[in-house]
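The primary structure of each chain is shown beneath.
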Amino acid sequence: KPETAAVLKRTVEALMERGAIVRNLENLGEKSLPYKISKHKERHRRGGYFLIDLEGPPSIVSTMMDHLGRDIDVIRRAFIKHPVSKTEECSGIIPVNYEDKLIAKK
Amino acid sequence: FQPIQMENPYKEPPKRCILCGINVDYKNVQLLSQFVSPHTGRIYGRHITGLCDKKQKEVTKAIKRAHVLGFMPVMFKNPAFLTDPKICNVKY
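First to last, the sequence lines map onto chains A and B. Each position in the first sequence, counted from 1, maps to that position plus 34 in the numbering used here. Each position in the second sequence, counted from 1, maps to that position plus 129 in the numbering used here.
If we strip away everything but chain B, and leave its shape as in the complex, we get (with noise of 0.2 angstroms):
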């Protein structure tokens, strides 16, 4: 007997990121201000938000964009929106 070509059948889905199928706008300031820091509004780094390669980068643009137009403030988070859930595991 012959062992058949097959695909694995135990193939996991493959993982997606949190931001996975969210279209990311620069006018939701909410959602982008989960990846800043409450102290500084710096913004997160990939290991600490653990998003994939486009979706960090669309990120980062739309936080630089509602900087400059005037939607989110720059040194620091939006008091309204500190008790937000935890997305990004920082480690203060």
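Chain A with its partners taken away, still in its complex shape (with noise of 0.2 angstroms):
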């Protein structure tokens, strides 16, 4: 458990160090991974998942990818745009005229 903080810590801070604000840390758990993954030379079955809140300038995604890929401890590293959540407007199916679509489109 010390490594994983120390992992966290060192990625953090790699991220404050580039110009990052960092907004929210959250732990998913440690799960058994559903398929093993051979990462550095290692075959891996559990690991734990961490999902960081990020808020920073683009030109730092390419970067940091370069250096998470070079951490031992980090198995998958991916970088995800903030997920904006609008289904107040989800009106419904709205019936299609595939009659009228066939014939305006010829």
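Please keep in mind that the hints were generated in silico from the structure rather than gathered at the bench. Using N, Cα and C, we set each Cβ at its ideal position, and we do this for glycine too. Be aware that a few hints might be false.
[Unchecked claim] Residues on chain A that point at chain B, a partial pick, calculated with CB under 8 angstroms:
1. I71
2. R110
3. P117
4. C124
5. I128
Combine both chains into one complex, guided by the hints.
Quick look at the structure:
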């Protein structure tokens, strides 16, 4: 467990160094991976999942992917856009008039 | 007397798919696993799940993302979620 803490600390410090603002850090638990992942000459079966809420310039993405790739303790790295959840406008299935669509395309 | 122009008073509310109003996330593996075959792990098509265009696309994208990031198994369905209620009208 102190190792995971050290990894997280390293990552967050590297992020802050490049000028990113860390909003939140979530631990999604330690589970057994859905499939065995071989990384850095080792076959991994269990792993800890962490989610870091980030705000920063887009130029750090490539440098951070490089940095995390060199870290032995990091199995899989990814940057994902912050999901903007907007489901209040979901108006249900609007019946599409296929006849009109076909005629219009012709 | 002239007929009064008005909106159809017998109009039914628009049909909603089962995910209408639910935010689809790549993290809730249980929800995503309900649209995946238990034997092969393949994603069900639109004619089986019965979802609207947007939601089907979102679900597909989320499943693919979960595969890559190591949240969901690829070739089969997570055995913990095998006993979930059936949503899609699959004919085995």
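We went through each hint and held it up to the structure:
| no. | hint | in the structure |
| --- | --- | --- |
| 1 | I71 | holds (6 angstroms) |
| 2 | R110 | holds (5 angstroms) |
| 3 | P117 | holds (7 angstroms) |
| 4 | C124 | holds (5 angstroms) |
| 5 | I128 | holds (6 angstroms) |
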